[in-house]
Structures are given as C-alpha cells and as structure tokens.
Amino acid sequence: MSDTTAATTVCVDPKSLHDRLDDVEIIDVRTPGEFESVRVPTAKNLPLDELERHVDHVRSAVDEGREVVLVCRSGNRAHQAQDKLVEAGLPRLPILEGGMLAWQADDGPVVQDVIRWDLERQVRFVAGSIVLLAILVSIVYPPARYVAGFIGLGQVVAAWTNTCAMGMLLSKLPYNRPRTA
Numbered sequence: 460m461s462d463t464t465a466a467t468t469v470c471v472d473p474k475s476l477h478d479r480l481d482d483v484e485i486i487d488v489r490t491p492g493e494f495e496s497v498r499v500p501t502a503k504n505l506p507l508d509e510l511e512r513h514v515d516h517v518r519s520a521v522d523e524g525r526e527v528v529l530v531c532r533s534g535n536r537a538h539q540a541q542d543k544l545v546e547a548g549l550p551r552l553p554i555l556e557g558g559m560l561a562w563q564a565d566d567g568p569v570v571q572d573v574i575r576w577d578l579e580r581q582v583r584f585v586a587g588s589i590v591l592l593a594i595l596v597s598i599v600y601p602p603a604r605y606v607a608g609f610i611g612l613g614q615v616v617a618a619w620t621n622t623c624a625m626g627m628l629l630s631k632l633p634y635n636r637p638r639t640a
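The sequence shown begins at 460 in the numbering used here and counts up by one.
Honestly, the hints are just simulated from the structure, not real lab data.
Glycine included, each C-beta is placed from N, C-alpha and C at the ideal position.
Just so you know, not all the hints are guaranteed correct.
[To be verified] Simulated DEER-style distance windows between Cβ atoms:
(1) K503 x G611: 36 to 46 Å
(2) G548 x P602: 44 to 54 Å
(3) E509 x S597: 11 to 21 Å
(4) V596 x R479: 52 to 62 Å
(5) K543 x R636: 17 to 27 Å
(6) E509 x L591: 31 to 41 Å
(7) P550 x P500: 44 to 54 Å
(8) D515 x G587: 17 to 27 Å
(9) V615 x Q571: 33 to 43 Å
(10) V615 x V569: 28 to 38 Å
(11) S519 x A617: 28 to 38 Å
(12) R551 x A603: 38 to 48 Å
(13) K631 x P550: 45 to 55 Å
(14) S475 x S597: 45 to 55 Å
[Said to hold, decoys possible] BS3-like, lysine-lysine: derived pairs with alpha carbons at most 25 Å apart:
(15) K474 x K503
(16) K631 x K503
(17) K543 x K631
(18) K503 x K543
With these hints in hand, go ahead and build the complete structure from the sequences.
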C-alpha cells in the first residue's frame with residue numbers, strides 16, 4: 460500500500476491485489492448497472508447512494524479483521540464512500556488506486572455480464588444532446604439558448620462541487636439498475 464494524500468487516504472495498487480482477491484473484501488460503490496456490466500470477481504456491490512444502509516456489513520468485515528478495499532470507476536466515489544464510512548465511525552479504508560479503469564488497464568480479472576455505458580459517459584451524452592438540441596432550437600426560438608447555458612452551468616457546478624446531479628438522476632433509471640431474475 461502506498462500513502463497518497465498526506466496520511467489520510469491509503470491507496471492500493473491494482474497489481475498488489477491480483478493475487479490476494481480471496482483475502483480481501485472488495486466493496487464496489489458504483490451503481491448496480493455499472494457493477495453488473497464489469498466488476499472484480501470477488502467484489503460486493505454496495506452503491507454509494509445506499510451505503511448508509513450497509514455500514515453494518517462493512518463494520519462486521521472490519522471487526523473480523525478482514526482487509527476491506529473500496530473501488531469505483533476512477534476513485535472519486537470511493538473517496539466519497541470512505542468519508543461516509545469514517546463519519547459512521549469506521550477507520551479510513553484503503554481505495555483501489557485508479558478504480559476499475561486502472562484495474563482493467565493492469566489486466567486484473569473481471570466479470571462482464573451486460574455491456575452498458577458507464578454513468579460518466581451517459582452524462583456526457585445527455586448533456587451534449589441537450590446542448591446541441593437547445594442550440595438548434597434557438598435558431599427559431601432564441602430563448603432556447605438559455606437551456607444550453609443552464610446545462611453549462613450545471614457542468615461547472617458539478618466540477619466545482621465534485622458531484623453530479625445529472626449522474627445521480629441517471630443512476631435511478633431502470634437501465635442503470637441490475638436485471639432481476
């Protein structure tokens with residue numbers, strides 16, 4: 460493990476986990492749809508927006524002495540999950556450095572069920588489509604340009620606050636939920 464942000468967050472290198480998957484509890488905080496699409500074989504899905512309901516599961520793993528590692532797509536949501544768990548009284552858990560993107564780049568083993576666009580790609584597609592449509596409509600109805608401005612403002616706020624309201628909304632769509640048998 461390497462210390463990355465001034466003794467507050469410990470990140471685990473993907474290569475160091477390849478041979479230890481059976482010894483580590485990996486908690487994937489992505490949406491169920493993202494998890495269903497591609498995941499580390501031994502990972503458990505505890506989505507970030509539902510994490511408060513699963514704190515006891517994480518606490519029991521920590522109390523049993525198991526190493527717990529948090530993972531998401533790139534690391535951002537794993538950091539948010541880490542903060543939520545610290546607020547719930549748990550120690551700062553390590554995060555998979557670079558998330559699933561780094562894991563796949565390092566040829567870590569994965570399970571792929573359903574190929575779906577990841578949430579970030581969906582946000583870019585929806586935001587871009589709305590902006591394009593607003594610009595085209597503004598040719599005949601000039602006030603439509605404000606819709607494009609509003610989306611631009613939303614992207615700035617998302618970057619500034621490191622959250623994404625559109626992503627949160629898209630994650631609730633049935634497309635981003637796992638299939639039920």
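Going down the list of hints, with the structure as the test:
1. K503 x G611: 36 to 46 Å: 38 Å, holds
2. G548 x P602: 44 to 54 Å: 51 Å, holds
3. E509 x S597: 11 to 21 Å: 39 Å, violated
4. V596 x R479: 52 to 62 Å: 54 Å, holds
5. K543 x R636: 17 to 27 Å: 21 Å, holds
6. E509 x L591: 31 to 41 Å: 33 Å, holds
7. P550 x P500: 44 to 54 Å: About 25 Å separates the Cβ atoms of P550 and P500, which means 44 to 54 Å is violated.
8. D515 x G587: 17 to 27 Å: 41 Å, violated
9. V615 x Q571: 33 to 43 Å: 34 Å, holds
10. V615 x V569: 28 to 38 Å: 34 Å, holds
11. S519 x A617: 28 to 38 Å: About 34 Å separates the Cβ atoms of S519 and A617, which means 28 to 38 Å holds.
12. R551 x A603: 38 to 48 Å: 47 Å, holds
13. K631 x P550: 45 to 55 Å: Once the Cβ atoms are compared, 31 Å apart, the range 45 to 55 Å for P550 and K631 is violated.
14. S475 x S597: 45 to 55 Å: 52 Å, holds
15. K474 x K503: 19 Å, holds
16. K631 x K503: Distance ~19 Å between K631 and K503 Cα, so the pair holds.
17. K543 x K631: Roughly 20 Å between the alpha carbons, so the hint for K543 and K631 holds.
18. K503 x K543: 17 Å, holds
Going down the numbered hints, you'll see the structure goes against 3, 7, 8 and 13, while the others check out.
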